[in-house]
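Using the sequences and the hints, build the whole thing.
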Amino acid sequence: MTDRYTQFVDHGIGRDIAKRLGLPQPVALRRYQPGEPLAPGPVLIQGTGPGADALARELLGWNVDVRRHAEPKEKLGAVVLVLDDVAHPSELGRPVLAMGASLRDLAAGGRIVTISRTASSAESPAVAAARQGVEGMLRSLARELRAGATGNGLLLRDGVETTSPGVLAALRFFLSGRSAFVDGQFLTISTDDGGLPGNPDRPLDGRVAVVTGAARGIGAAIARVLRRDGAKLVLVDVPASGDHLAAMANEVHGTALQLDITSQDAGERIIRHAVERHGRLDIMVHNAGITRDKLLANMDGAKWDSVIAVNISAQLAINEVLLQSDHFRESPRIVSVASTSGIAGNRGQTNYSASKAGVMGMVRASAPQLQKIGGGINAVAPGFIETDMTARIPFATREMARRLNSLQQGGQPVDVAEAISFLASNAAAGINGEVLRVCGQNLVGA
Amino acid sequence: MPAAEQPESAANQVSGQSLAASVSERSLRKAVVVGGNRIPFARAGGAYAKSSNKDMLTAALDGLIARFGLQDERIGEVAAGAVLKHSRDFNLTREAVLGSALSPETPAYDLQQACATGMEAVLGLANKIKLGQIDSAIAGGVDTASDAPIAVSEGLREVLLDLNRARTVPERLRILARLRPKDLAPDAPTTGEPRTGLSMGEHQALTTAQWKITRGAQDELALDSHRNLAAAYDRGFFDDLMTPYRGLQRDANLRPDTSLEKLAALKPVFGKSLRAEATMTAGNSTPLTDGAATVLLASEEWAEARGLPKLATIVDGEAAAVDFVHGKDGLLMAPVFAVPRLLGRLGLTLDDIDFFEIHEAFAGTVLSTLAAWEDDKFGRTRLGLGGAFGKVDRSRLNVNGSSLAAGHPFAATGGRIVATLAKMLHDSGTVDGRPARGLVSVCAAGGQGVVAVLEAN
Amino acid sequence: MSGQLAEQPIILGDVPSLSKLYLNAAANTARRRILGAHPDPKLPTGSHEVRAVRVDIAKLTSYQHLLGETASDVLPAGFIHALAFPVSMSVLNRDDFPLPLLGMIHLKNHVEQLAPVLFTETLDIRAWTENLAGHRSGTQLDVLAEVRIHGTEKVVWRGTSTYLAKGVFLPGIDKPLVPSQGTSFTPPVPTGVWELGLDVGRMYAGVSGDFNPIHLNALSARALGLPRSIAHGMYLASRALADVGAARGETFAWDVQFEAPVFLPARVALEIATSQGMNGHWQHSDYVAWNPRSGRRHFSGSVTAL
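Residue numbers (my numbering), protein chains in the order written: chain A, 173 to 618; chain B, -8 to 448; chain C, 8 to 313.
Hints are computed from structural coordinates only; laboratory data are not their basis.
Backbone N, C-alpha and C fix where the C-beta goes; we use that ideal spot for every residue, glycine too.
Heads up, some of the hints might be wrong.
[Claimed, not checked] Quick list of simulated restraints, FRET-style, between CB atoms: (1) B:Glu295 to C:Ala312: 26 to 36 angstroms; (2) C:Ser26 to B:Leu175: 23 to 33 angstroms; (3) A:Lys247 to C:Leu313: 24 to 34 angstroms; (4) A:Glu571 to C:Lys49: 24 to 34 angstroms; (5) C:Asp21 to A:Lys247: 46 to 56 angstroms; (6) C:Gln283 to A:Thr220: 45 to 55 angstroms; (7) B:Leu175 to C:Asn224: 17 to 27 angstroms; (8) B:Asp174 to C:Thr129: 43 to 53 angstroms; (9) B:Ala157 to C:Arg303: 31 to 41 angstroms.
[Unchecked claim] Short, incomplete list of chain C residues facing chain A, as computed with Cβ under 8 angstroms: (10) Pro123; (11) Lys161; (12) Gly256.
Shown next as C-alpha cells:
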C-alpha cells in the first residue's frame, strides 16, 4: 500500500539513483499486524531513576526483550528514555548522549520514546526548562531518524507514575506498528485512570462504537481497525452513500445507519440505534467531513456554511446529546478527526481550517465534561494521508506535501485509524483533551 | 432444526401430552415487522436495464442485512418471487440468499401471486412465525420489465423438444421441416389476461368507465402520489427504507415538479375504443418498472434478543378473487370484496383505519375501489351489507405516495408497502389511546387481491 | 519497477482495440518469420497508460452474469483484469517487444484487489513488462498492470500475468538449470463440476473483449496450431473466484497457476477448500480444477485475505 515513488526507491536501481541524486528515500513503514512482536528487537530502557526501574520490571511482563544497558553491536527494536525526574537542563546531557550512542544500532522501523513530565506543571524555572528541553531534543531527534524509525514522547502530569495504565498503553502504542505514521509527537497523560486490555490484540472487546462517514476512505479504514480490535460497529453515512455503507457494514459485520449528521435528531437517532441494536454505546468517532475549497475572496456562503455544519457544528450537537444521555456513561470515549490544516493553515481552506481548528477547540473544552462522567475526548489530526480526497490535489503540490515530513511519504488511512482505535480504548483513559497528530512529523505547523 | 434452537415455548413440552396439543400451545404469538429495505425503483430500460431479478433481489437483501446486522445470520426462511421469471430462476430466492451476506444455511422458497406476490410472501411467513414454526423471516419480491424472459413460440418449442428426442438424421430433418416462419417470432410476455385477451389497462378502462371516474379525479390522485412521495423523500422518510443501487438514489419515476396542467396535457392510452371518454393516460397509470423490496419479519422474542425494532404487527390478512372473465366485476376489483370481509372479521370499519395503503395500479383502480365502497346499492347487493361499506378519508390515503409515483415492479410492491406502512404506524404510535392501524390493499392480475391489517407495535 | 519509472508512461488516447492489436501481432509474426528473430532481447523500458477509463455498466452486468458474480456495484477483480488487458497487450505489441505475441501461453496470474472499485469510478490503467527470463520450454516474462482512481496515486488493483513464449529462445537468456518439476496430482473429491460448451470462449470474449483466435472456434484455433479452441485462462480463474463467493470480502489476493489447457467443450471438476481463522473469519480459499476423465490438472490457485 505504499506509493509508487516509495516502491521505486525501496529497491535496486531506484535506490541507487535516489541516493546519488540526494532524493528523499522513504521506506515501507512497519505497520501493525495482530500477534506480531511489539518492537522489531530488544527494547533498551535508559534512565536511572526509580521510574525507569519500575517501567523495566513492567515491560518484562509483556514478553518483551528488555535491556537496561546497550550491548555492543546488538540491533535494538526501541529505546525508551525515562527522564521523569530531571530537575535541571544540565542533567539532560548524560542520558541523552548515552542514547545517542545507541542510535546506530536502532533497527529499521525502530522506535525512540521519551518519558518526561509536563513543563507546565513544573515547580521551578529550572525544572520547567529541563522538561521542555526534552521536547525540543526529541523533535529534532525524530528528524534525524531513518529507515522508518520514529521518535515520540510521553508527557506525564506530576503525580502520574511511569507504570500507570495510560503511560503503559501510550508506550505500547508508540512502540508498536500502530504508530507507524506518528512521528515527533507528544501525548500528555494527565491521570492514573484506565486499565490495560486483557488481550492486547483485542483492546475494544465488548465495546460498541459509532463511526460517522464510514462508507469510504479514512472512515472505512477506521471501521476495519475498530472491528479488528474487537468493537461492535454502527456505521453512519449519508443516504446517498448507502450502497457503499451497506457493503462496508456487511464486511465488518456492523449495522448501517443512513443518516445526515447535520439533521436535528442525529444524536438521538445514533444513540437509539446503538443502544437498541447493540445494547450500549461506548465510543463515538466523529470522522465525517467535507471540503469545499476556495480562496476566501471567492468563497460563497453555501461553501462556508456547509463545511462548518458538517465538520464541527454536527459534532458539537451530537456530543451535547451524548453528554446528556444515560447510555453514554461507561468509560465513554469520543475521538474526533481534526486536520493539520487546522493547525498550520492551508491556502484555499479557510472554511475547512476553521472547522478543524474548531474541532480541536471543542475537544479541549469538552475534556472536563467527559472527565466528570469517567470518559475522555481527544482528536487525531491527520497530515497528508493518501485518500480520494488528497488524491485530487494537483500532482506537484501533492508530491511536495507528501515528501515534506520526516518519513518522506504520505500516510495511509489505516495509520489514522490506528491512532483513533488507541484513543478509543479504555487503556487511554488517562489521556483527555489531547490532539494527536498523525502526520509523519510534517514540516508545516508546530 | 436442533432442539436447542426451537422456539422457546416448544421447550416446555409436557411429557405425555399429544404432539398436536403441544404445538397448538406454542402457536399464535405475534409476528412483527422489524423493518425493510428496497432499492430505488427504475423505469424499464433505465438504470437496471441489464440487471436480472437475482441481481436486484440480492442487492435489496444485502442492504437489509447491513441495516439490521444480519451478516452470517441463519434466518428462519426467506420467501420472495417475481411475476416475470426466467425458467433458469426456478430457485430465484435461494440463489439470491446464497449471493448475499446471510448465512448460506438460510432456507428460501419462491412464490408467485401476480402483483400480490410480495403481500402473500409477507402473510405466509407471518403465519409461520405466528405458528411458532420459525422465529425470523424475510419476505420480498422483485421484478424486471427490462430483463423479461422471452419464450420461443409454441411451434418452435414443440419442434425443439421433438428434435431432442429424435435419434437419426432423417428423423431430425423431418422434424425441422415442420418449422414455419411464424414459429420463429418470439413470444414476449404481455400484461394481457390469458382469458380475455385484454391488457390490464384495457380492463381497468372498462371499470373506470363503469364507475364514471373522471380524468380530473385520476390526474389529481396521480399528482398527490408524486407530491406525497417527493415530500417523504425530502423529510428523509426513506433514509432507513432504501439503499441506492447502480447509481440510482431515488425512484426514477418520481416527478416532484409535475402539475395538473402537465398531467392534463397527456394523451389517453387506454380505453380509446370505448363509447365513454378515454381518461387513462401514462400519467395516471403506473409505468413498467424494475426493482426489488424486502421486509424483515420476526417473533417479538427474536427481535428483542437482537435489539431490533418492532415497528408493527401483522394482524390479519385476506385474499379475494372476482369473476372478471365475463364482466361481472372489474379485473382489479377483488380488494373491494377482500377488505369488507377482513374488517368484518376484525370488527372494524373504514373509520377505524388510520392509514390506507391502496396500491395504485392505475389511479382509476383506487378511485373505482373507493366509489364501490361508497355505493349504497353495491354495498347491499354485492357486499351483503345494509348499505354502503363506507368512505375512505382521503387525507389518510397513501400519505407517503404510492405506485403511480414510485413505480410498480410487480412482485416488489407488497414489500415496499408493508415496510413503508410499518414505519408510518411506528412513527405515529397511538391514535385515540390505541395502537395506530393500517390497511394494505393490493390488486393483482387474474382478478385477485390480497389485503392485510397492520397495527403499530 | 525500475523500467516504468525511468521514463514517463506513453499515454494512449483511448483503450486500444484488441482486435487491431491481434491483427498487428499476426502481421508482426509474419514479418519476423521473414526477417528473423529480434536482434536485441530486451523488454521495452517504458509503460503504457490509458487515463479516465469509464466502465460500461451493461458490460459489467453481462460479465457478472457470465462468471456467476453477484451483480453488486463493485467491479469483480477479473473484470478489472479484462479492463487492463488491452493496455497490457499494447505493450506486448510494440515493435521493440522481443517476443511474438500470438501463441503466448498464460502461465500464472497474481492479482491484488487493494480496495473495492465501484462502477461509478473513473480509472487510470498502466501496464509494463518485467522479468524476461528463460523457461525450460521457451522464454517467459511478467506483464504488470496497475489500476488507479483517475488522477490520483491511489492504486486499487494490481496484477501480474506471467506469459511463456513457447519454443522461443533468445540469445543471452539462459534456460533455468533445474527444470521445474510438475508435482504429482491426485484428484480430490470435487465440490463442483463445470459444463463448458463450445461457446464459452466466444461468450467470455464478448464480455472481456479478448478475441484471441485460439478461444473463438476450432478453425481459428487450428490456424494457430491447436487441435480445438481452448477456454480463456482468466475465464476459468474468474469463475473460481466467483465460486469462492461473498466470504472473500472486498480486498484480497488472488492467484492462479495454469497447467493443462481446457479444450472446448469440456467437463471440468473443481474443488474449493476454505480455511477459517481461530475467530471463525475467512482466511483463504484454495481451488484446483482438473479433467475428471484423465485426472489431469487444469489449474490451481487461491484467494487470500489481504
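- [ ] Would you list, in rising numerical order, the hints stated earlier that this structure does not obey?
- [x] none
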